[in-house]
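Since the structure of chain W is provided, determine the placement of chain E on it from the hints.
Each protein sequence line maps, in turn, to chains W and E.
If you read the first sequence in our numbering, its first letter stands for residue 1, the second for the next number, and so on.
If you read the second sequence in our numbering, its first letter stands for residue 1, the second for the next number, and so on.
Source of the hints: derived by calculation from the structure; they are not laboratory data.
Everything numeric in this text was worked out from a predicted model, so none of it was measured.
Some hints could be false.
Unchecked claim - In silico lysine-lysine, DSS-like type, Cα no more than 27 angstroms apart, as pairs:
hint, chain 1, residue 1, chain 2, residue 2
1, E, K53, W, K133
2, W, K93, E, K229
3, E, K126, W, K84
4, W, K61, E, K126
5, E, K96, W, K84
6, W, K120, E, K225
7, E, K225, W, K127
8, W, K120, E, K229
9, E, K229, W, K129
10, W, K547, W, K385
11, W, K16, E, K126
12, W, K643, W, K624
13, E, K229, W, K61
14, W, K61, E, K225
15, W, K19, E, K126
16, E, K229, W, K127
17, W, K643, W, K350
18, W, K21, E, K126
19, E, K225, W, K129
20, E, K225, W, K133
21, W, K246, W, K262
22, E, K225, W, K110
23, W, K93, E, K225
24, W, K475, W, K545
25, E, K53, W, K110
26, E, K225, W, K84
As the list claims (entries may be wrong) - Heads up, incomplete: computed chain E residues facing chain W, CB under 8 angstroms, no partners named:
hint, residue
27, E40
28, F174
29, S210
30, Y212
31, M215
32, I217
33, L218
34, K219
35, G220
36, V221
37, P222
38, P233
39, N234
40, P309
Ideal placement from N, C-alpha and C gives every residue a C-beta, glycine not left out.
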Amino acid sequence: MNTNIQEIKDLSIGFKSQKGKQISILRNITTNIRKGETVGIVGESGSGKSTLALAMMGYIKHGLFTTGGECLFKSQDLLSLNNKELEDIRGRKIAMIPQNAGQALTPNLKIGYQIEEALKLHTDFSKAKREQKISELLNQVRLPSPSIMALRYPHELSGGQQQRVAVAMALAGNPELLLLDEPTTGLDVTTQAHVLELLKDLAKDTGTSMVYVSHDLGAIAQVCDRVIVMYSGEIVLEGPVRKILKEPIHPYTYGLLKSIPKLSLSGLPDSMPGSQPQPGNIGSGCSFYDRCNFSSDECKFKVPELEYLSEIDTSVRCFNHSELISKTSEQKITNELKKEIIIDEILDLKDVSISYAKQGIIDQFLNKVTDTNPTVKDINININKGETIALVGESGSGKSTILKSIAGLLKTKDGYIKFNKEKLLSGDLKKRNSDDLRSIQLIFQNPDESLNPNHTVEQILSQPLKLYFGLTGNKLKSSIAELLKKVRLGAFYMSRYPRQLSGGEKQRIAVARAFAARPDIILCDEVTSALDVSVQAAVLDLLQKLKEELGTTYVFVSHDLAVVKAISDRVAVLYQGRLCEIGPSKDVYQFPSHPYTEVLIGAVLEPDPDIRPKLVAEDIVEEKPPEIGCSFQGRCPRILGDKCRNETPPWQFGDNGNAIRCHIDIEELKIQQS
Amino acid sequence: MFFLIFKRFILGLVTLFIVSLITFIGVEILPGDACTSYLEREAFGEALAACIKRLGLDIPAHERYISWAYNVIQGDFGYSLSGQMQINEVLGPRIKNSLVLASAAIIIGIPLALILGIITALWRDKMPDIIISTVAIFSMTIPEFISATLLILIVAIWLEWLPGIVIVPTDVTFFELLPNIILPVIAIAMIMTAHMARMVRSSVIQVMASDYIQMAILKGVPYWKMVFKHVLPNALLPAINVVALTIAWLLGGVVVTEVVFNYPGLGRLVIESISNRDLPVVQALGIILASIYVSINFIADLLTLMLNPRLKTLQTRK
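With the rest of the complex left out, here is chain W (with noise of 0.2 angstroms):
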């Protein structure tokens, strides 16, 4: 009997060229997903997994098309149905969980209508019927009170919510197979960590198979069996989930796994150099040969075949793989970084409120304060000259809010922000002299956004250097060589537009930009966060050697618990826009913590299958902080009642540095935690 559901034989896709040449974009795959199996695809953007995912459904996006190859499901090759033949499969006995499911709910139809829609065209229930099913499908998916939800339309639930009714939807056909594409990529951690593990009772319970496409390694480890592994179109390594995240033989692999910042290691992780290759881009010989450190002269030359090991059960595309083990144990370097503070305060945070609400016009005329729960209150945080203070916590939490009023874009309702130990910064951009808009630079979250399309490197890198030193002619062309070679990047760049640059580049620039200023103080609003891990791990080291040689305080922001364990010095946990904790990094990823930063921690997804998150609190959104009492008590799971409910918590002193703001006796915290 097949064991197989899904057999790929040989697929090619690919696209025209403007000038006519045809580009792959995927290159000879062929695999196997088994039936009740849960299979990871994993790479890179570009790498052609989300293609993969869609050909699995019959589906070839717009300009696209296949060049060979079949896509069996149950023996029928999908890729040569007609549309009603598909829309039989699809939905039915194939259904896909998509990436985004804020945009993928039709915004103007009602959630139970497009549960019920499923429901019609893959079963014959009849209306009762289907009613009752719906209330199931959303129990099944753990929404609260179904009844509601139905009649509630996309844009009136969280993104947590949203994915669990793309999930019910998908369900509603009852289908064989189900795909996932990056079903919780831009969602907070907790809410992730559920969904996940939502995901993978429905697989125990159902014997569903599923192929989930991601680029996180450490959501491939919560939930996979198998995992392929794709580098520009091709599977390079495919094998039982254990053997690829513990003791990967494949050099992408290995260097991928090597880049993941992880909560159980100091310091920086290492970056693998360079980019993958640009579709129709690939050399004649293995399409990692440029970044690779375990090459010999055959990669060069040769195209590596996929090449099957019966003893581990896993393929490989790599000539080297044997070798690779033994080479990488030599491989051991640490980037502990050091870590001593020196007091001597740069940015003095005292009693920070900002509130977005905006008076009406009557209550502006009556000068009354409309906001007695601003959006971010009571901030109190001292920075020193040359550390790396993160600002961390699930969306919501305030802290691009804090970083924008550091840069003058938003108003401090109440308190102050002192620069230098004398100077106070206004709240008000136009209010601020040319030296103080200097000393303080912003690098934002998406370069593609924050780099003018239409300006050339030169261009963009000028600015500032024109506007606050005035440099003009070869001066300005010697000082914009200078900073690119700060970001390690050739004077070559200097004409290119930033669509000519790779997401990692663009970041550069964006970082060159604000060292131009020659700032003290630089805030990095989730800067890695768009970017391929391996990219990551690059630009973070980066960041720590411009600091290390020039001594600029960053303020960091970042939702990823991990990334800023490995560059912070400091971190200042936030939620709902009020600190929780505070304290030196190594201190904070330590018990006793806040309740809220245990649930934080707890939710971190490592790529390690051994390693489950601790899921201790329930991931409901809350849409404003609480008027009276602590901040966290809607969702905190260790609450201790009324006390919690109106009384703002006092700061504790923990014995390593830390703060914590909680009613919770500090050593009570470290028993119960421990």
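Same frame as chain W, now just chain E:
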């Protein structure tokens, strides 16, 4: 939601007030006054004095504005200079004629535009799209006085099927008017349909490329069901405002077309009263056209609010 509607309504009233002020001041700061410009060379002696007396020009401007505005609110625009008759009587049949022309163009043009827009989007870059889009671009770019003249030449003069220009009394009955409006309606509908069809096309294409349409396909939703349930409601929402502007443009008088066909609508009245220097009528027309624009846009906003679940629930549930 109620508050939002109320706000829009008040804003519309404020707009009208400002328009009335501007037209009043505009007329006021013109050299001379209504009487001197109307009477021209006879503007002296008794005739001038009588005219000034009749229009009340001897009263200070602000008082005149207040009494004029007071009358306008009650629906009385005063007397025209040329016809010596109540402006209401002048306007009534003109508004009716413009309404007839506009409704005919709307009834034909809007459904046609929607259908053509949807066809071109669904068969994007294929034959139906290429043909329809080419024709649409032609009829958009040819100025209406040329297309209207060509229509008259071909249909009225060569083929002699329909009257070339409208020679009817202003207060003609609806059925007498009907054969006369066919050519003007075609001339207007050509431009209007082309513009709207292009708009609908790009809107549908944009929605077709969205994640939720890909999701609907992957869910196994049959093609036409997907088009009607998932694509169109979302694609046509932004079209509402464009349709509203088009209707306002039609009602406000399609000046060029009306002049070419000698059609007795509001648009021609504008031209006539300006060339006759009939300033009270010009003032009245200013207010009326502004009210048409404001009220139609107000209706479009209401419709969008009602049809867009995002706006609807955002306002009620919070």
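Take a quick look at whether E/K225 and W/K84 sit within 27 angstroms of each other, Cα to Cα. OK: E/K225 and W/K84 at ~13 angstroms, within 27 angstroms.
Would you mind confirming whether the straight-line C-alpha gap from W/K61 to E/K225 stays at or under 27 angstroms? Within the cut-off at roughly 20 angstroms; holds.
Given the hint that W/K643 pairs with W/K624, test it: the Cα-Cα distance must not exceed 27 angstroms. Between W/K643 and W/K624 the Cα gap is close to 20 angstroms, so the pair holds against 27 angstroms.
For E/K96 and W/K84, compute the direct alpha-carbon distance and say whether it is at most 27 angstroms. At roughly 52 angstroms apart (the allowed maximum being 27 angstroms), W/K84 and E/K96 break the hint.
Would you settle whether the hint for E/I217 is holds or violated, based on the nearest Cβ-Cβ distance to chain W being less than 8 angstroms? Holds - the Cβ of E/I217 comes within 8 angstroms of chain W, reaching about 7 angstroms at its closest.
Can we keep the E/P309 interface hint, with Cβ of chain W closer than 8 angstroms? Hint holds; E/P309 Cβ to chain W Cβ min 4 angstroms, cut 8 angstroms.
Would you check whether E/Y212 satisfies its interface hint, that is, whether its CB is within less than 8 angstroms of any CB in chain W? Holds, because the Cβ-Cβ distance from E/Y212 to chain W comes to roughly 5 angstroms (cut-off 8 angstroms).
Is the hinted pair W/K643 and W/K350 satisfied, with a Cα-Cα distance of at most 27 angstroms? Given pair W/K643, W/K350 holds - Cα atoms ~26 angstroms apart, limit 27 angstroms.
Double-check E/G220 for me: the hint is only fine if its C-beta lies closer than 8 angstroms to a C-beta in chain W. Interface hint status for E/G220: holds (3 angstroms vs cutoff 8 angstroms).
Regarding the pair E/K229 and W/K129, is the alpha-carbon distance no greater than 27 angstroms? holds, 23 angstroms
Hinted pair W/K120 and E/K229, Cα distance within 27 angstroms: holds, 14 angstroms
27 angstroms limit on alpha-carbon distance, applied to hinted pair W/K246 and W/K262: holds, 14 angstroms
Hints 1, 5, 25, 27, 28 from the earlier list are contradicted by this structure; the remaining hints agree with it.
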